[in-house]
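Here's the letter readout for the chains.
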Amino acid sequence: MRPDGRDGKWVRRDLGPVVRPYAVTGGRTEPADGEVLDLVAVVVAVGSDSGAGDDPIRQTPEHRKILRLCQRPVTVADVASDTALPVGVVRVLLADLILQDAVRVVRNQPAAQLPGNDVLKEILNGLRAL
Amino acid sequence: MGSARSDGTDGGGGADDVPVLAAHKILIAGGFGAGKTTLVAAISEVRPLLTEERLSSAGAGLDDLRGVVGKTTTTVAMDFGRITISERLVLYLFGVPGQERFWFMWDELAYGALGAVVLADVRRLRDCFPSVNYFETRKLPFVVAINCFDDAPRYDPEEVRVALDLDPDVPALLCDARQLSSVKNVLTTLVESISAENQSPRGMVSALPPV
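Chains A and B supply the protein sequences, listed in that same order.
For what it's worth, the working numbering labels the leading residue of the first sequence as 1, then goes sequentially.
For what it's worth, the working numbering labels the leading residue of the second sequence as 1, then goes sequentially.
Hints in this document: simulated from the structure, not taken from any laboratory.
Treat the hints with caution; some may be incorrect.
Unchecked claim - Cβ-Cβ distance ranges computed for the label pairs, FRET-style:
no., chain 1, residue 1, chain 2, residue 2, range
1, A, Ile57, B, Arg124, 50 to 60 Å
2, A, Ile57, B, Ser181, 21 to 31 Å
3, A, Gly26, B, Asp151, 50 to 60 Å
Yeah, the Cβ is synthetic: ideal placement off N, Cα and C, and Gly gets one too.
Chain A extracted, bound-state conformation:
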């Protein structure tokens, strides 16, 4: 067992991460604000990329990594994918950042009703162009 050269994580190939997923949340499994963000909810860091909202006391390296990813609008699913953290963990960490006013939700789940035909048409054209 040794830190993986690329990302410094302690891994053992056959066993998965040595650190339990929710260790990075201090064992918390529920978002502090009680709101479960949808997988395609869009979040963005508040303020510029100057490090505003960066609170070294309350933020872990994982918080800061998420904050960096949120410099432009991203979905919860993409944050989870880019950090290699499970979705539930990312939700807890994002809720912390939202409560610190470091991140805001641009749009939570897609509108419960269907999108308009202009959006559907854009999707159709996009699919056909693949």
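Assemble chain B onto chain A, guided by the hints.
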């Protein structure tokens, strides 16, 4: 982006300058081995996505829990793909595990989804019954894509439609989950049927409050 802004509001560097991102999701459902992973990989940028599975009695016999008393979740990788339509419009495909023990994930995934693809394997048609039932009950638009495995018998989509007792407005079509062109056809059929539903008088009526 249509045109460059010349009114001096550019250059603030803040997030407000970034076009609003609209993300939509399409679910890919079907039984184990129906080809969900293959289909997602054929058309999208596949991304690793971990989620947690709550271990329950449904997993008994499947998940070896010896030595992990008190462990209630385990991390599982999901089929997840991203299709970038434009700078401000992204389509996500989520593979929905068909086994009963994953059902807790369905409501969350289905919420706000555009629609779903139910992948069917004619050799194990009953594997997609739960998916069909689920999307019918949730009134989520879906298509049934019959994955043509090389060694599977060929059926007419209409036969499959009858076997699954599909409503007439649910498209059923053959596909090859390995082929981009075929998967494109499946997804465009789905989006076209959503579009048609949007315009149909029935859709308008159901959007009105009950009298």
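Tested hints:
In this structure the hint that A/Ile57 and B/Arg124 lie 50 to 60 Å apart at CB holds, the actual value being about 55 Å. In this structure the supplied range 21 to 31 Å is violated for A/Ile57 paired with B/Ser181, their Cβ-Cβ distance being about 54 Å. Our hint of 50 to 60 Å for A/Gly26 and B/Asp151 holds, since their Cβ atoms are close to 51 Å apart.
Of the numbered hints stated above, the single one contradicted by the structure is hint 2.
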